[in-house]
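Undergrad: Below are the chains, spelled out letter by letter.
Number of protein chains: 2
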Amino acid sequence: MNLPFRSVGVVGLGQIGGSLAQALREAAPNLFLAGVDVNPDRLRFAQSFLDEAGRDLNILDQTEVVLLATPVRHILKLMHTLAARFPRKFYLDAGSTKAKIMAQAESAGTNFRFVGGHPLAGTEKVGEAGWNKNLFKEKYFFLCEKKNTSSADKQLAETIVRLTGARPVWVQPGQHDLTLAYSSHLPYLLSVLYVIQGEEEQKLDPHFLGTGFKSAARLSGSSAQMTLDMILTNREHALNEITGFAAHLKKLKEIILNGTEEDLEKLFTEGQQLWQKVTADD
Amino acid sequence: MNLPFRSVGVVGLGQIGGSLAQALREAAPNLFLAGVDVNPDRLRFAQSFLDEAGRDLNILDQTEVVLLATPVRHILKLMHTLAARFPRKFYLDAGSTKAKIMAQAESAGTNFRFVGGHPLAGTEKVGEAGWNKNLFKEKYFFLCEKKNTSSADKQLAETIVRLTGARPVWVQPGQHDLTLAYSSHLPYLLSVLYVIQGEEEQKLDPHFLGTGFKSAARLSGSSAQMTLDMILTNREHALNEITGFAAHLKKLKEIILNGTEEDLEKLFTEGQQLWQKVTADD
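Just so you know, the protein sequences line up as chains F and U, in that order. Heads up: the first sequence at position 116 corresponds to 116 in the working numbering, and the numbers run straight through without jumps. Heads up: the second sequence at position 13 corresponds to 295 in the working numbering, and the numbers run straight through without jumps.
Each hint should be verified, as a subset may be incorrect.
Far from chain F, by Cβ distances over 12 Å, these chain U residues were calculated [said to hold, decoys possible]:
id : residue
1  : 331
2  : 344
3  : 360
4  : 365
5  : 367
6  : 369
7  : 370
8  : 441
9  : 555
Under the rule of at most 16 Å between Cα atoms (straight-line distance), these lysine to aspartate or glutamate pairs were calculated in the EDC-like manner [claimed, not checked]:
id : chain 1 : residue 1 : chain 2 : residue 2
10 : U       : 559       : F       : 200
11 : U       : 548       : F       : 153
12 : F       : 266       : U       : 481
13 : F       : 139       : U       : 487
14 : F       : 139       : F       : 265
15 : U       : 421       : F       : 205
16 : F       : 214       : U       : 563
17 : U       : 559       : F       : 106
18 : F       : 277       : U       : 343
19 : F       : 277       : U       : 482
20 : F       : 251       : F       : 265
21 : F       : 100       : F       : 205
22 : U       : 359       : U       : 388
23 : U       : 407       : F       : 282
24 : U       : 496       : F       : 158
25 : F       : 146       : F       : 158
26 : F       : 89        : F       : 153
27 : U       : 559       : F       : 236
28 : U       : 428       : U       : 481
29 : U       : 496       : F       : 281
30 : F       : 125       : U       : 487
31 : U       : 535       : F       : 236
32 : U       : 371       : U       : 410
33 : U       : 533       : F       : 200
34 : U       : 496       : U       : 481
35 : F       : 147       : F       : 106
Source of the hints: derived by calculation from the structure; they are not laboratory data. If you're wondering where the values come from, they're calculated on a predicted model, not measured in any experiment. Each residue gets a CB set at the ideal place from its N, CA and C atoms; glycine is no exception.
When you get a sec, could you build the whole thing from the sequences and use the hints?
TA: This is the structure in structure tokens:
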């Protein structure tokens, strides 16, 4: 394959960073791949697919492209440092929220070649337990451009995304964060509350935990380090989703207490139909 | 295999009833299997694994064992009819709640040979789309005895359950309904509210719907006919779970609005640890 770059560095070897590196290794065996992480065990495991792995950002000196896959607030902190230290590289991040990251990318200057990214992929598995070279296959990978991103850099971002097996989709950062607050952040928050309620009610007896429980509880297993940054950098939208959900919960309680059987049936039928609608193309 | 019965009738060929019949067919190819349902298409499809299929309960005349796999309130209605019409058969049901069913079984008289059952299995798929002979493999199948259930009938129930591949677990009906309100009914209700909120907010754009969305939304696809009876026959426990969840949601909102970062981190870390705990043996 004739790629416009020969070397990629990945900062953060959690589920997403490690899987990005594995996917690139698979797609482009001759690519020079370097990885940075603070966890010594993880660095050791990652040597099986990286050419170089270490704690220090110096490693990035050897790479033309840098992927940022740490929690969002860490990416925010890192950007000015990287812009000053390695001003000529091309950067793509994989943080869960985009508005604050794109604002920071603008503030790092017009010469800072940065495209914001977010793969709509990932499971509740944390770190190396979640590494999977096929994690991004057929998944959407959201991309956000800076005001002055060149079309060459846009193409470069798309090339990287396609190499991982994902499909690039350009979005506005505000629209991304608004929508993800519903489609990703709210499910996570509900999931955490759900398992905590089970623990308080002493109902986490494995005999009674079937697939329904697991659907509702699974996301609670996500890396708290990652989700804390996700929620704190999308606070207003997350709050709106919580408020909306609380209103629906109140309405449901009212229907069960004082509504008719037909009211409840209507609600459940609507749920069934909406699921059929969203999965019609699956 | 030397079975203590040679014929089984299944009333209701939805996901559970159809899958029970398929599992029995697989485990005991020579068993006479009859099925009753009101849906002509479903009856036609079921002829591939049933010896007889029809709308009328008369078919049950030919079977020693009868499995009841219709929605809970239909089972409640059916029990006295069956006790009068076919008084010598052995009955096992598969309804989602157990307290009302066991009370009804007592009221049908001491001669009514009935064991209550509920397989902790099933997906959001409805009817024949959900038929799967392996649905019960390794799953728990809750069983409830009547006051005068003989040990022979208890063994019979266990034999049927094991034939389907599931593991029998004897429980008290009240304990079952209390616990399932948390582990199954609450996840379903949250899921319905979640997709309805998405529709109202116009956020059901497939580009943004990843695995997080699907986890949270999946159960909304369950048969509304089935879930309506499930909730209406477990109303008080379901209400308590909703009230509990609403309180957690309020606390979360308060933490995001006025709490510290550490408060939120503590909550997310607790969620992560609880998930690790409940999945430790997986």
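Undergrad: Just to be careful, I want the Cα atoms of residue 251 of chain F and residue 265 of chain F compared with a cutoff of 16 Å; is the pair within it?
TA: Roughly 14 Å separates the two Cα atoms, so the pair holds.
Undergrad: With the threshold set at 16 Å, check whether the alpha-carbon distance from residue 214 of chain F to residue 563 of chain U stays at or below it.
TA: 14 Å, holds
Undergrad: Please settle this one: residue 370 of chain U was flagged as non-interface, so is its CB more than 12 Å from every CB on chain F?
TA: 33 Å, holds
Undergrad: For residue 331 of chain U, which was marked as not at the interface, is the minimum beta-carbon distance to chain F over 12 Å?
TA: It holds; residue 331 of chain U is separated from chain F by about 24 Å at its closest Cβ, greater than 12 Å.
Undergrad: For residue 407 of chain U and residue 282 of chain F, compute the direct alpha-carbon distance and say whether it is at most 16 Å.
TA: 13 Å, holds
Undergrad: Below or equal to 16 Å on CA atoms is what counts here, so check residue 371 of chain U against residue 410 of chain U.
TA: 27 Å, violated
Undergrad: Find the nearest Cβ of chain F to the Cβ of residue 360 of chain U and say whether that gap is larger than 12 Å.
TA: Check passes; 19 Å lies beyond 12 Å.
Undergrad: Would you mind confirming whether the straight-line C-alpha gap from residue 496 of chain U to residue 158 of chain F stays at or under 16 Å?
TA: Violated, at roughly 26 Å.
Undergrad: Beyond 12 Å on every Cβ pair: is that true for residue 441 of chain U relative to chain F?
TA: Holds, since 20 Å exceeds 12 Å.
Undergrad: Checking one constraint from the list: CA of residue 559 of chain U to CA of residue 200 of chain F, max 16 Å. Satisfied?
TA: 14 Å, holds
Undergrad: Are the Cα atoms of residue 146 of chain F and residue 158 of chain F separated by 16 Å or less?
TA: 15 Å, holds
Undergrad: For residue 344 of chain U, which was marked as not at the interface, is the minimum beta-carbon distance to chain F over 12 Å?
TA: 33 Å, holds
In the structure shown, a violation is registered for the earlier hints numbered 9, 11, 14, 17, 18, 21, 24, 27, 28, 30 and 32, in ascending order.
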